[in-house]
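Counting from 1, one number per residue, gives the positions in the sequence shown under the working numbering.
Read the hints as simulated data drawn from the structure, not as lab findings. Please note: incorrect hints may appear among the correct ones.
Distance condition first, Cα-Cα at most 30 angstroms in a straight line; then the derived DSS-like pairs of lysine-lysine [what the hints assert, rightly or not]: (1) K63 / K42; (2) K85 / K63; (3) K85 / K42.
Per label pair, the in silico range of CB-to-CB distance [as the list claims (entries may be wrong)]: (4) D106 / G15: 23 to 33 angstroms; (5) S26 / G64: 32 to 42 angstroms; (6) S69 / S24: 12 to 22 angstroms; (7) N57 / S100: 41 to 51 angstroms; (8) Q12 / S100: 33 to 43 angstroms; (9) Q113 / S61: 10 to 20 angstroms.
Since we're looking at a predicted model, the values are computed, not measured. Backbone N, C-alpha and C define an ideal beta-carbon position, used for all residues, glycine too.
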Amino acid sequence: VQLQASGGGLVQPGGSLRLSCAASGSFSSISAMGWYRQAPGKQRELVATITSGGSTNYVDSVKGRFTISRDNAENTVYLQMNSLKPEDTAVYYCNSHLFSGTRWYDYWGQGTQVTVSS
1 VQLQASGGGL VQPGGSLRLS CAASGSFSSI SAMGWYRQAP GKQRELVATI TSGGSTNYVD
61 SVKGRFTISR DNAENTVYLQ MNSLKPEDTA VYYCNSHLFS GTRWYDYWGQ GTQVTVSS
């Protein structure tokens, strides 16, 4: 199983970016998918999650600016980030809780850098 993340980059404050993360490989089901981030010198934190049914959860600092969505047919999760702030600068990691073989696993993507700076 592999999670491939993309879409990071350098953007000015107030700008937008869209992250994507596609799961591939041998699995039969995906439940929750999400995005986490880790800024330099800080612990990794939850940004947003989405269940297979579409229920979402956000950290307070991104509410109203970020939107998580998913395409179940494509096993892909997205993070639309608007009104970006310098404090959003971090490496963003996607996470997927999926069923493979006989049990559930948590898989992580490789991380994509988001830098918000003028």
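Do the hints match the structure? See the list:
{"no.": "1", "hint": "K63 / K42", "result": "holds, 20 angstroms"}
{"no.": "2", "hint": "K85 / K63", "result": "holds, 13 angstroms"}
{"no.": "3", "hint": "K85 / K42", "result": "holds, 17 angstroms"}
{"no.": "4", "hint": "D106 / G15: 23 to 33 angstroms", "result": "holds, 31 angstroms"}
{"no.": "5", "hint": "S26 / G64: 32 to 42 angstroms", "result": "holds, 38 angstroms"}
{"no.": "6", "hint": "S69 / S24: 12 to 22 angstroms", "result": "holds, 19 angstroms"}
{"no.": "7", "hint": "N57 / S100: 41 to 51 angstroms", "result": "violated, 24 angstroms"}
{"no.": "8", "hint": "Q12 / S100: 33 to 43 angstroms", "result": "holds, 41 angstroms"}
{"no.": "9", "hint": "Q113 / S61: 10 to 20 angstroms", "result": "holds, 19 angstroms"}
Of the hints listed earlier, the one the structure fails to meet is number 7.
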